[in-house]
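Q: Given next are the chains, with one letter for each unit.
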Amino acid sequence: MSDKTIAVKTENLWKTYEHDGIEVHAVRDVSLTINSGEFVALAGPSGSGKTTLLNLIGTLTRSTQGKVWIAGRDVTNEPEGVLARLRLQSIGFVFQAYNLLPILTAAENAELSLLLQGMDPAERRQRVLDLFGRIGLNGLEDRKPNKLSGGQQQRVAVARAVVGEPAMVLADEPTANLDSHASDELLDVMEELNRDLGVTFVFATHDPRLMERAHRIVHIVDGAVASDEVKTVQNA
Amino acid sequence: MKKSPWWTIGWRNMGRSRRRTYITAAALAGGYFSIVVLVGLSRGIVAEMIANGTDLIAGQLQVHAPDYLPDKSIYETFGGVDRASIDSLLTIVESDPDISAAAPRVYAGGLIGSDNFTVPGQLMGVDVDRESSVSRIVRVDEGRLPRPGTNEAVLGGEMARQLEVAIGDELVVVAPSVDGSMGNDLFTVVGIYNSGIVELDATTVIVSIEALQYLIFLDEGQIHEIAAVVLDPWDAEDAADRLNPLLQSSGHEAEAVPWTELRPELVEYANLVSASEFIIVIVVFGMAIFGVANTMLMATYERRREFALLLALGASPWGVIKSVLAEAIALGFISILAGVVFTAPFLIWWHVAPLDLSFASGGFSMSGSYVSPVLRVEYPWSAIVVASVSLFGTAVLAATYPAIRSARLPAADTLAGR
Ligand SMILES: Nc1ncnc2c1ncn2[C@@H]1O[C@H](COP(=O)(O)OP(=O)(O)OP(=O)(O)O)[C@@H](O)[C@H]1O
Ligand SMILES: [Mg+2]
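Going down the list, the sequences are from chains A and B.
One gets the working numbering by counting positions in the first sequence from 1 and adding 1008 to each.
One gets the working numbering by counting positions in the second sequence from 1 and adding 20 to each.
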C-alpha cells in the first residue's frame, strides 16, 4: 500500500458528533481516492461536512470509523506526535478564516512551518521572499496582517501552506471572502503551483468560480459523496 | 532539527503581554524578597539569642569533671596539684581549630556581707587575662577587674545596691570549703558590672581564681570548669567530639560539653525557627503558585488559537509544552533577577547596620538569654538558594497544567472557534 501516486485515500470513513444525545453524522461512509497532482474541489452546501472531511484527511481530527491513508501510509491510529510530523513535512493548510498571527509580520507568518521545521533564518527568509515575488506579495513582507487586504491575507495564508513544499495542500473555502478579481488571482497562484510543482490541491468550497477551475468535483451532501465528476479538460 | 524554534516563540510571547509579565514577575520577586528577609531576620534573632545565651558567661563549650553536672558540687574538680596542669589542659582545649579562646574557672556558693546586710551569692574565680576573651560578664561598668591573687571582688550592680556598697568598700565572704570547714575572708570591691540580667547581677561575684582556690582550700591546679569560645556556635558539638578523646588520652578525668547540651532550649528554639522558615517558604510560594498558574492559564487561553494553529501546522504537542515552559522559565529567571536586585541592598544594609529598635523597647530576656533590641540580619545563604529554587519550581510547576492543556487543544475545533 505504499503507492506514492495516491495522495490520500479514505475507506468507509465516518465522523459522528453528538448534540444533546442526538447523533449527527458529519461525514458518512466516505470512500475516496485522490491522486498526486490533482486539483480537486469538495463541493456542497453549508453544513454538508466539507470542513470535517478536510480535517479528517489532514489528520486534524480522528474518524469515528473507517481508515485514512496519506501517501500510501495508514495514519488512522498513529499517535499525535507522529501525525504532527507528517503534517509538518507533507501537508499544507489554508484555513477557512485565514488564521494569521496578528503579532507576526506577513513574512514571519509565512515562515512559521519553516521555523517549526528548524530551517535557519536566512534560508527561510529567502524562500519566503522568492514565493512572495511569485504570488504578488512583493514589498508586503514586513506588514502586520491588519495592514493587509483580505486577498493579501489569504495569499499570505497560501504562502504559509505551500512554502514548505508539501505534497498536498488542503484549503478550506480559500476564496470565500474575496471579490472575483482577488479570487481569480489566488486561483492563478494555486494553479501555477499545481502545474509547476505538482502539488496536490484539495478545496472545500461552494464558490462556483472555484468549481469551474477545479479538475475534479466531488459533491458532498449530508456528509456522503453524492457525485464525483472528473472534467475532461485536464492537463495533469 | 537544527535549532529549536520554541525559545524564539516563547520570548516573543513574553513581550506580548508585558504588563502581565511584569506584574507576575514582581509578585514572584516580592515572594523572594519576603522569604529571604524574613528568614534573614529570624536567623539574626536566633544568632543573637545563641550569642547572648553563650558569650555572657557560659561559652560555647565547657570542660568539667565527669560528675560536676548537674549539681555543680565543689568537690568535683579536675586538673592537678599545680598551675602547670591547668595550662596543659588549656593548651589541649585551644589546640582545636574551631576554638579561639579558653579560660579556667572555680565556683563556690557562699554568703556575702557588707556592714549592714548579708546576701547569698555565687563566687566565680577567674583567670582575669583569659576570661576577658571568653565572657562578657567581666566587662565592668565601673572600676576594674580583680588583680590575680588578691582579695578583690567585682559585684553585679544589683548586689551592690542590695548590700549598699560601692567601690572601695569591704565585704565579708564566707564559703564552705572542700575540707568541710568554713573559709572566710575580707574582699575589697574594685568593680561593678551590669549584665542586663538582674538575677545574675544580684548573685554572681567575680574574684581571682587564686583567691577563691585559697578560700575553699583547693590546690592551685584544681578547677571546676574550662569555658571555651567556638567561633561558629554550630561547630561546638564537633569540637567537643574532637576534644574528648584528647582529654582522655591526656589522663585527665574531664569531659567537654557543647552549649547545645547545656542549653537545649536554645537549640529547640533554633529548630523551631528553621521549621517556621519552611512554613514561610511553603506559604509564600503556595500563594505565588496560584497567582502564576492563573496568569499562565489566562495567557495561554488568550493564545489558544495560536497554539491550535501551530499544532495544525505540525508543531509537536511536546513542542507546545516546551514553549509554555520556556516562557515560565524565562519568567522565573526575570523574577529571580528582580528579586536579587531588590533584596540584596536591603539585606546588606540591615546586616551591616542592624536596625536599632531600642527607641521602641529595651532589651528583654528570652529563655534566660538576653536579647538586645537590635534586629540583626544574617545572610541566609541556604534560604537564598531555597528561595531561588522554589521560585523556579513555582514558575515551572504553575505553568505545567496550562502547558499540557495548550498541547492538547483540539486543533480543528479551536481554529473554527468552537
Ligand atoms: N466539533 C463539532 N462538534 C459538533 N458538531 C460538529 C462539529 N464539527 C462539525 N459539526 C457538525 O457537522 C456538520 C458538518 O459541519 P462542517 O463544518 O463539516 O460543514 P461544512 O460543509 O464545512 O459547512 P460550511 O460550508 O458552512 O463550512 C454540521 O452539522 C456541524 O454542525
Ligand atoms: Mg466549512
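The hints are simulated quantities; they were obtained by calculation from the structure and are not laboratory data.
Hints may contain errors.
Part of the chain A face toward chain B, derived, beta carbon under 8 Å [what the hints assert, rightly or not]: (1) Asn1020; (2) Trp1022; (3) Ile1030; (4) Asn1063; (5) Leu1068; (6) Thr1069; (7) Gly1089; (8) Ala1092; (9) Arg1093; (10) Phe1101; (11) Thr1113; (12) Leu1124.
C-beta: ideal position from N, C-alpha, C; glycine also.
Q: Look at each hint and say if it fits the structure.
A: Hints versus structure:
Taking 8 Å as the C-beta contact cut-off toward chain B, the hint placing A/Asn1020 at the interface is violated, the least distance being around 21 Å. The interface hint given for A/Trp1022 is broken, as the beta carbon of that residue sits about 16 Å from the closest beta carbon of chain B, more than 8 Å. The closest approach between the C-beta of A/Ile1030 and any C-beta of chain B is roughly 17 Å, which is over the 8 Å cut-off, so the hint fails. For A/Asn1063, the suggested interface contact is upheld, since its CB lies about 4 Å from the closest CB of chain B, less than 8 Å.
A hinted interface residue such as A/Leu1068 counts as satisfied when its beta carbon comes closer than 8 Å to some beta carbon of chain B; here the least separation is about 4 Å, so the hint holds. Because the closest C-beta pair between A/Thr1069 and chain B is about 5 Å apart, less than 8 Å, the hint holds. Because the closest C-beta pair between A/Gly1089 and chain B is about 5 Å apart, less than 8 Å, the hint holds. Checking A/Ala1092 against chain B by beta carbon gives a least distance of about 5 Å; that is within 8 Å, so the hint holds.
At a threshold of 8 Å, the smallest CB-CB gap from A/Arg1093 to chain B is about 7 Å, leaving the interface hint in force. Below 8 Å, beta-carbon pairs count as interface contacts, and A/Phe1101 has one with chain B at about 6 Å; its hint therefore holds. At about 12 Å, the closest approach between the beta carbon of A/Thr1113 and any beta carbon in chain B exceeds 8 Å, and the interface hint on this residue is violated. Given hint, A/Leu1124 at the interface with chain B, holds; its Cβ is 5 Å from that chain's nearest Cβ, closer than 8 Å.
Of the numbered hints listed earlier, those contradicted by the structure are 1, 2, 3, 11.
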